[in-house]
Amino acid sequence: MPSIHPITIRRLLLGLLILLPLQYAIAGLVQFLSGREPWPALVMPGFKATWDGHAPLLAPKVTFIAHYADGTSKRLSADTVLAPLPYSHHQAMLAAFFQPASLSGTPATERVRNPDASSWLQSRLQALTGATPVRVDIVWEEIRYKPNAFPTLQSSPLDTLSLSWQ
Amino acid sequence: MNPKRIDLWLFEGFPVTAYGLAVYRIAYALFVLLILDPGHSAYFNFRPLAELPDSFFLPPPGPMQLLGGFPPSWFFNSLHVALDLSLVALLLGYRTQLASWLIGTLFLIGFGFLFSAGKINHVLLFVLLPWLMSFTNWGAAWSLDARQGRTRPEVASWPLALLALLVGFALFTAGFTKLIGGWLDPTTQATQGHWLKQYFIVGRQDLLAELVTYPWPVGLWELLDWGTVFLELGFLPAAFVPRAFRLFLAGMVGFHLSTALLLNITFVQNLIVYAAFLNWNAVAAWLKSRFSIRVRVPVLPLLPILTALFYFWGSPLRRIDRLATFHSDLSLLEVLTNALGFGVVLVLALQAGVRRLKKIHFPVPTAFLYRRAFRGLALWVGLYALLVATHTGEFWPMSVFPMFSQAGKPWTRIVVRELTETDSLSWNPIEGWTTLPGQAFALKPTGITPLDLTPLVLRAQDSMHLATLRLWERTYFENRRLLVLQAQGKLSEGDVQVTFTPLLLLHGDTVIWNPQRQP
Chain A
0 MPSIHPITIR
10 RLLLGLLILL
20 PLQYAIAGLV
30 QFLSGREPWP
40 ALVMPGFKAT
50 WDGHAPLLAP
60 KVTFIAHYAD
70 GTSKRLSADT
80 VLAPLPYSHH
90 QAMLAAFFQP
100 ASLSGTPATE
110 RVRNPDASSW
120 LQSRLQALTG
130 ATPVRVDIVW
140 EEIRYKPNAF
150 PTLQSSPLDT
160 LSLSWQ
Chain B
0 MNPKRIDLWL
10 FEGFPVTAYG
20 LAVYRIAYAL
30 FVLLILDPGH
40 SAYFNFRPLA
50 ELPDSFFLPP
60 PGPMQLLGGF
70 PPSWFFNSLH
80 VALDLSLVAL
90 LLGYRTQLAS
100 WLIGTLFLIG
110 FGFLFSAGKI
120 NHVLLFVLLP
130 WLMSFTNWGA
140 AWSLDARQGR
150 TRPEVASWPL
160 ALLALLVGFA
170 LFTAGFTKLI
180 GGWLDPTTQA
190 TQGHWLKQYF
200 IVGRQDLLAE
210 LVTYPWPVGL
220 WELLDWGTVF
230 LELGFLPAAF
240 VPRAFRLFLA
250 GMVGFHLSTA
260 LLLNITFVQN
270 LIVYAAFLNW
280 NAVAAWLKSR
290 FSIRVRVPVL
300 PLLPILTALF
310 YFWGSPLRRI
320 DRLATFHSDL
330 SLLEVLTNAL
340 GFGVVLVLAL
350 QAGVRRLKKI
360 HFPVPTAFLY
370 RRAFRGLALW
380 VGLYALLVAT
390 HTGEFWPMSV
400 FPMFSQAGKP
410 WTRIVVRELT
420 ETDSLSWNPI
430 EGWTTLPGQA
440 FALKPTGITP
450 LDLTPLVLRA
460 QDSMHLATLR
470 LWERTYFENR
480 RLLVLQAQGK
490 LSEGDVQVTF
500 TPLLLLHGDT
510 VIWNPQRQP
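Quick mapping for you: the protein sequence lines, in order, are chains A and B. Residue numbers for the first sequence follow numbering that gives the first Met the number 0, beginning at 0 and rising by one. Residue numbers for the second sequence follow numbering that gives the first Met the number 0, beginning at 0 and rising by one.
The reader is advised that the hints may include incorrect statements.
To be verified - Output of the computed footprint for chain B on chain A, the stretches with three or more beta carbons under 8 Å from beta carbons of chain B:
1. 33–47
2. 98–106
3. 115–125
4. 130–139
5. 156–164
Bear in mind the hints are in silico, worked out from the structure with no lab data behind them. All C-beta atoms in this analysis are idealised placements derived from N, C-alpha and C, irrespective of residue type, glycine included.
Please construct the entire structure, taking both the sequences and the accompanying hints into account.
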């Protein structure tokens with residue numbers, strides 16, 4: 000590679016000094032308008048949320064209950080079902096593809112109902128349990144951590160998304 | 000800023016040599032192949048995406064939205080072959096410029112598809128690194144390109160200045176988000192909130208994560224909030240002051256180790272980006288002074304051989320992960336890499352400290368110091384021996400012989416029994432092993448350690464529910480019926496008498512406490 004003239008390098012620096020804040024602003028604007036972060040963009044995770052020390056900390060817990068033709072059923076954690084994908088993806092995937100519309104406010108989060116996704120889930124459960132399920136209940140609960148309370152950890156049911164293959 | 004000072008920073012702020020860059024090039028390629036292990040580790044393996052249905056293709060705003068779904072397996076297999084080939088080529092310094100650009104491009108494509116499955120991880124610095132480093136001419140020495148006369152000997156340092164700017168800006172964005180999010184508000188505890196959520200709700204409970212349940216003073220939490228924000232915000236101005244920038248990088252390496260140990264989250268790929276600013280020139284000079292590096296055998300045949308080895312078998316270092324299993328998605332190799340990174344920082348800090356001390360002359364009264372140290376140590380050991388000999392107790396950091404210091408004293412442990420549907424439940428204390436209901440429930444195969452259940456005895460509120468949660472997960476998913484008992488032993492007329500008190504019963508999704516023992 001031929002050496003680059005210093006003037007070109009200075010221009011490159013100037014371009015970066017303009018481009019970096021610009022792309023940051025665009026990324027913020029896109030996120031504000033679409034609710035989704037663009038890629039590629041040079042931003043790091045902010046973990047913006049704070050905590051007042053008293054309010055309960057909440058997070059969803061998702062369990063897959065596979066039902067079989069002989070009447071038996073088996074529970075699987077969401078992390079087990081989504082194990083081939085990175086752990087950091089699991090919550091986001093559950094929210095985007097496996098979440099009942101009653102919780103998200105849009106049927107777009109029930110993509111698992113699409114024929115290709117439904118078939119993938121059935122194959123995945125079959126591979127994990129060794130038997131072909133005839134139905135699956137995707138149970139959404141809310142885990143709530145309340146400091147200075149008993150019990151400190153609480154779980155309450157939210158909704159269930161069911162798929163039938165019969 | 001003064002244009003001359005900008006030029007000084009841009010062209011001379013981060014001096015490089017051909018050999019220093021060569022060592023970093025080799026370190027980078029080895030780091031990616033051995034630690035990140037593309038095609039085999041969870042976060043750098045794009046193959047599982049081929050199995051996903053197109054309904055799960057949810058590309059983020061950007062160029063990935065031009066595509067309609069996940070490519071087939073052959074695409075990702077080809078991508079990993081090309082990636083391994085490029086990395087090995089970079090390692091050997093074969094067609095270094097092309098290899099550098101291919102690595103960046105292939106990672107960009109692979110991550111583009113990975114992040115089209117609903118979640119973005121922030122790895123762009125890592126992706127941009129080989130592109131930027133290609134402009135330094137990092138293949139100028141200790142490379143096949145140099146041996147075959149395919150490269151010029153000149154190297155450039157300005158890409159490192161631009162990399163510093165990119166690192167500074169990227170970390171600034173993290174700090175800025177925290178700043179406007181209210182992390183500096185003294186009435187909020189952001190670090191504590193995130194840590195508690197990771198610990199109790201997400202289930203990241205390995206290594207030192209349990210420290211979050213300790214009653215730390217509010218001031219410490221506030222210090223962590225402020226420290227994090229200032230560390231990240233400070234990166235941008237520090238990028239223009241090389242010495243300050245290196246100090247911030249050292250702080251960031253410590254920050255990554257602490258997030259691995261405390262929050263069980265690793266971001267190991269950034270370490271090799273920060274490592275670009277190590278003094279590789281000194282490492283190369285040291286290597287050249289110690290070893291005569293002259294490779295006489297043909298190296299090019301290694302390219303397909305190493306590519307095939309890494310493609311089919313991955314990194315041999317990944318075997319280290321088998322030595323430890325974690326509740327979270329931590330990898331032992333990544334934790335050790337973080338620790339190694341911090342170790343390098345400590346050694347460099349020590350070296351700098353020693354260099355500075357050597358410049359100062361201290362009139363040290365050596366004999367006096369030795370005498371004081373000896374007396375202090377004698378007092379320490381004497382006190383410890385006295386406490387252990389009288390079974391009174393012991394103290395940190397020498398508390399390693401409880402069997403001596405606690406001999407003959409009453410003890411308390413936790414026992415778990417698995418009950419069948421027909422076993423009756425009584426909360427009354429039980430004397431002796433023989434009349435215990437159900438079968439013994441082995442904790443070790445479940446990954447729960449006896450230490451996890453100690454809080455049940457101590458009645459520590461937060462940890463107690465964590466302990467029950469871990470057991471509850473077993474009963475919930477495996478439909479078991481588990482009875483947790485407190486075993487209390489004491490010496491009685493020369494014999495050991497053990498009393499078992501039922502504490503709680505876990506069945507399905509239900510936890511029933513002994514009415515007498517409920518916290």
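The hints, checked one at a time:
1. With 14 residues carrying a beta carbon less than 8 Å from a beta carbon of chain B, the region 33–47 of chain A meets the three-residue requirement, and the given coverage holds.
2. With 0 residues bearing a CB less than 8 Å from a CB of chain B, the region 98–106 of chain A misses the requirement of three and the coverage assertion fails.
3. Here's how the region 115–125 of chain A fares: 4 of its residues keep a CB closer than 8 Å to some CB of chain B, so the rule of at least three is met and the hint holds.
4. Figure legend: the region 130–139 of chain A, annotated as covered by chain B; annotation inconsistent (0 residues with Cβ-Cβ distances under 8 Å, at least 3 required).
5. Coverage of the region 156–164 of chain A by chain B is violated [criterion: at least 3 residues with CB-CB distance below 8 Å; count 0].
Figure legend: structure checked against the earlier numbered hints; hints not met, in rising order: 2, 4, 5.
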